[in-house]
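Listed below are the residues making up each chain.
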Amino acid sequence: MKFRLSGPLLLITASTVVVIAITLIAQLMTKRLVETAHAGDYDLMQRAFTGTLKGMEDEASSDAEIFANMPSVRTAFLERDRPKLLGECQGAFKLLEEKYAIDQAQFHTPPGVSFLRLDAPAKFGDDQTSYRPMLSEVHEEKALRKGVAITKAGPAILGIVPIFDAAGNLSGSFEMGLEFGPVLDDMKTAFGLEGAVFFQEKQLHDIATDLPGDVITQKNRVGKYIRYHATHPDLAAALVFDRDIDITGPKTYERTVAGVPWGVQLMPLLNYANKQIGVVAIAMSFEEDKTLARRALIWQVLAALVSVVLLAGTILIVVRGVLVAPLAAINERMSALVAGDASRPANALDSYCEELETLARNYEHLRAQRRS
Amino acid sequence: MTRRRPHARAVLLALLATLCGLALVLFPLRLRGAETSGAAEGAPAAKQASAAGRKGEKAAKRVQDAGADDAGADAEPPAEAVAPAEPAPAAGAEAGLTTLPLGKGLPVNVNVAVFFLDLKSFDDTKSEFECTTDVRLRWVDPRLRLTTKNLRGYREFRGKEVEDQLAKMWSPSIDVTNRLEAAPYVGRRLRIFPDGQVESLTRVTARYKTRVSAETFPFDRQRLALELIVRDDTTDEVLLRFDKDDVGFSRAARDAKLDGWTIGLVDLRSEAIPGWNGDRYSQTTAALIVDRVWVTSLAPIFIPLLASLIIPLLSIWMNKATEHGFEGDTLSLANMSIGGLFSVIALSFAIYSSYGVIANGDNTVTRLFGVNYAMLAITLAIVVVCFRYNVIARLFGPYVQREAFYFMSWALPVISLATSIAFLLVAAA
Numbered sequence: 072m073k074f075r076l077s078g079p080l081l082l083i084t085a086s087t088v089v090v091i092a093i094t095l096i097a098q099l100m101t102k103r104l105v106e107t108a109h110a111g112d113y114d115l116m117q118r119a120f121t122g123t124l125k126g127m128e129d130e131a132s133s134d135a136e137i138f139a140n141m142p143s144v145r146t147a148f149l150e151r152d153r154p155k156l157l158g159e160c161q162g163a164f165k166l167l168e169e170k171y172a173i174d175q176a177q178f179h180t181p182p183g184v185s186f187l188r189l190d191a192p193a194k195f196g197d198d199q200t201s202y203r204p205m206l207s208e209v210h211e212e213k214a215l216r217k218g219v220a221i222t223k224a225g226p227a228i229l230g231i232v233p234i235f236d237a238a239g240n241l242s243g244s245f246e247m248g249l250e251f252g253p254v255l256d257d258m259k260t261a262f263g264l265e266g267a268v269f270f271q272e273k274q275l276h277d278i279a280t281d282l283p284g285d286v287i288t289q290k291n292r293v294g295k296y297i298r299y300h301a302t303h304p305d306l307a308a309a310l311v312f313d314r315d316i317d318i319t320g321p322k323t324y325e326r327t328v329a330g331v332p333w334g335v336q337l338m339p340l341l342n343y344a345n346k347q348i349g350v351v352a353i354a355m356s357f358e359e360d361k362t363l364a365r366r367a368l369i370w371q372v373l374a375a376l377v378s379v380v381l382l383a384g385t386i387l388i389v390v391r392g393v394l395v396a397p398l399a400a401i402n403e404r405m406s407a408l409v410a411g412d413a414s415r416p417a418n419a420l421d422s423y424c425e426e427l428e429t430l431a432r433n434y435e436h437l438r439a440q441r442r443s
Numbered sequence: 042m043t044r045r046r047p048h049a050r051a052v053l054l055a056l057l058a059t060l061c062g063l064a065l066v067l068f069p070l071r072l073r074g075a076e077t078s079g080a081a082e083g084a085p086a087a088k089q090a091s092a093a094g095r096k097g098e099k100a101a102k103r104v105q106d107a108g109a110d111d112a113g114a115d116a117e118p119p120a121e122a123v124a125p126a127e128p129a130p131a132a133g134a135e136a137g138l139t140t141l142p143l144g145k146g147l148p149v150n151v152n153v154a155v156f157f158l159d160l161k162s163f164d165d166t167k168s169e170f171e172c173t174t175d176v177r178l179r180w181v182d183p184r185l186r187l188t189t190k191n192l193r194g195y196r197e198f199r200g201k202e203v204e205d206q207l208a209k210m211w212s213p214s215i216d217v218t219n220r221l222e223a224a225p226y227v228g229r230r231l232r233i234f235p236d237g238q239v240e241s242l243t244r245v246t247a248r249y250k251t252r253v254s255a256e257t258f259p260f261d262r263q264r265l266a267l268e269l270i271v272r273d274d275t276t277d278e279v280l281l282r283f284d285k286d287d288v289g290f291s292r293a294a295r296d297a298k299l300d301g302w303t304i305g306l307v308d309l310r311s312e313a314i315p316g317w318n319g320d321r322y323s324q325t326t327a328a329l330i331v332d333r334v335w336v337t338s339l340a341p342i343f344i345p346l347l348a349s350l351i352i353p354l355l356s357i358w359m360n361k362a363t364e365h366g367f368e369g370d371t372l373s374l375a376n377m378s379i380g381g382l383f384s385v386i387a388l389s390f391a392i393y394s395s396y397g398v399i400a401n402g403d404n405t406v407t408r409l410f411g412v413n414y415a416m417l418a419i420t421l422a423i424v425v426v427c428f429r430y431n432v433i434a435r436l437f438g439p440y441v442q443r444e445a446f447y448f449m450s451w452a453l454p455v456i457s458l459a460t461s462i463a464f465l466l467v468a469a470a
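Chains as they are written, first to last, in the numbering used here: chain A, 72 to 443; chain B, 42 to 470.
Derived from the structure by calculation, the hints contain no laboratory data. Careful, some of the hints might be misleading.
What follows is a list of derived Cβ distance ranges for each label pair [stated by the list, open to error]:
| # | chain 1 | residue 1 | chain 2 | residue 2 | range |
| --- | --- | --- | --- | --- | --- |
| 1 | B | Glu-278 | A | Ser-133 | 39 to 49 Å |
| 2 | B | Arg-295 | A | Ser-143 | 55 to 65 Å |
| 3 | B | Glu-368 | A | Arg-441 | 55 to 65 Å |
| 4 | A | Gln-98 | B | Asp-277 | 44 to 54 Å |
| 5 | B | Phe-390 | A | Asn-402 | 50 to 60 Å |
| 6 | A | Glu-359 | B | Phe-390 | 33 to 43 Å |
| 7 | A | Met-100 | B | Ala-313 | 35 to 45 Å |
| 8 | B | Met-359 | A | Met-72 | 46 to 56 Å |
Ideal Cβ placement from N, Cα and C applies to all residues, glycine included.
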């Protein structure tokens, strides 16, 4: 075993292992940090959607309450006077429709028969109990219900309030429906999140018969769902595929589109009875985080490499320059002396370390003896 | 003569009677369709109404003829849905229509979308670009609504008609803050829909100032932005925004090209700009994302830069360590470093004069020049301290000096090369 080679090699290897270990730990910590930040982002996406949706549900319910409790409206409904009811409500509804994205408003008589649609006054008299469980429940429970539901006009965020007569008996109900698009649009404005909402194609096909023809199309089909609204349709198409969307619980994943990494949060969209009727996809760009993480990795590797080089240099200089090379030089001279050559003096004594200085001094002593 | 006079008088009377009859028959028919809402009602000026009616007819005919000639035609409503020759709302003639439309409350939302039709040039040195864009603004003015039932389509105005119509109605006062100069021709089109929605399209070729960041050169991504800001009205009154239709409209033309750059998507952002006394003004930025084709800068910049890293190393590699010191001539080795210094200075002049964008600030090229200068300084210091004055040998002995020389001869190139590669990778990350 040559210490000249194996000694530094062992030390350099050990140093390299330590440096690599430290780099890996640092990298692991950076990765964890990024993952934690992304977990927070996914949580924000969920909370932002849930909060915005709840706000819209509350808005639909409060609007319905106000409308249904206007004395003239109440009276007209209790009297089952459709033209009068329309006259009382139409102006206000038009105003709300234009200003506040309210696109559905309907009076029902028990157990769930359309009495008057303010958005389509000519259509009435259809029994909706078979496909509107929320409506049926309002009439059965005689209590307010709110949530997402699919109606004849399409998916909406609904608030349904019961209407009672003077004796306290249920006389019917009134519902207000808000468009779904503004939920996602508001989130985009407030949080910079892209969003898309998907509804089951079968339900849309069976229930939402008044939907425009450009909704249920091949272009919007994703698995068994139809993309109903998206803040950025092209991006949504590139982020959510057939294989992704079949979920029953929240799911997160990352996908790169046009060089930009996106974090996607999929959530089942539940109706008032917690039954899944669709899926919501919220996406956030992770480009900045990913770039910073990649840069951190590069700097960490560079720092590790420089550390290894400097450590290796130090080891080589110390082991070889201070110990091995001087020792080899003295050995060489000693061999020559043994062979009878006393002509080669040792280097200046102060050029050796203390341990070798004694050896060099002894060599010089022997050489002097041989020469004398 | 006497016979002829009564005959001529009779003919004249008959002609007048016919004209009056025609006027009586036709005029009420025109007015029947002019059931406009709000301020439009009762607009009496028959002359204006008939003029507007003619305009409506003309516009309707144009719309019928209109193909998908415009950029972003896919975002346009179907032309076949045009209503037959609806008269222009008398509202257009009302002075009150030039005020802010309050019918839908405040602030008035104005949707912004920008289509990049043609990219003429991008001078990243001057931070300027020239392009032809279609800026689409949409808002709702309920006073322009037509109440006629089952009315579909829109009225369209082109060219000078747009100016005339805009003079009669409210439109957002929007300025492109980073526009330097524009071509004299500005294409305008205005559409007014029966529900009061107004759509304005403006096609203009202009030069714009943009902020260029060369931090990640040559892997940099630039934003060719149009900064549209509302003048006069604060965010309480007018708000710029965009929806999915605007996102769909905002893109570059499929055949748009820009030498040395790859064209990407259009990014829309809305924000509020602070004004005086706490006022805020709405601004929307439509930025076309372009990525530099990095291969083009490889030969003129990065190969000379990496090659110049070898020069300082030569002054170490050209020397040889012995037990008694160094063999090389320190003067010629120092000259080598000095020569390298001048060549790097010359290279920096050459690169910075050609690529002004990288002359200032922190970027990959300035960092690589930094490595070059650092290496020159280190090698010059080594030549003077180690080779000329043997400082290491004097302090630690000849063996340490020799080992230190061996170490420097491989460690310096490794570290400088690794650092250079790291700079490039960081830019590319």
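Evaluation of the provided hints:
| no. | hint | in the structure |
| --- | --- | --- |
| 1 | Glu-278/B - Ser-133/A: 39 to 49 Å | 27 Å, violated |
| 2 | Arg-295/B - Ser-143/A: 55 to 65 Å | 57 Å, holds |
| 3 | Glu-368/B - Arg-441/A: 55 to 65 Å | 32 Å, violated |
| 4 | Gln-98/A - Asp-277/B: 44 to 54 Å | 50 Å, holds |
| 5 | Phe-390/B - Asn-402/A: 50 to 60 Å | 56 Å, holds |
| 6 | Glu-359/A - Phe-390/B: 33 to 43 Å | 35 Å, holds |
| 7 | Met-100/A - Ala-313/B: 35 to 45 Å | 38 Å, holds |
| 8 | Met-359/B - Met-72/A: 46 to 56 Å | 36 Å, violated |
Checked against the numbered hints above, the structure breaks hints 1, 3 and 8 and satisfies the rest.
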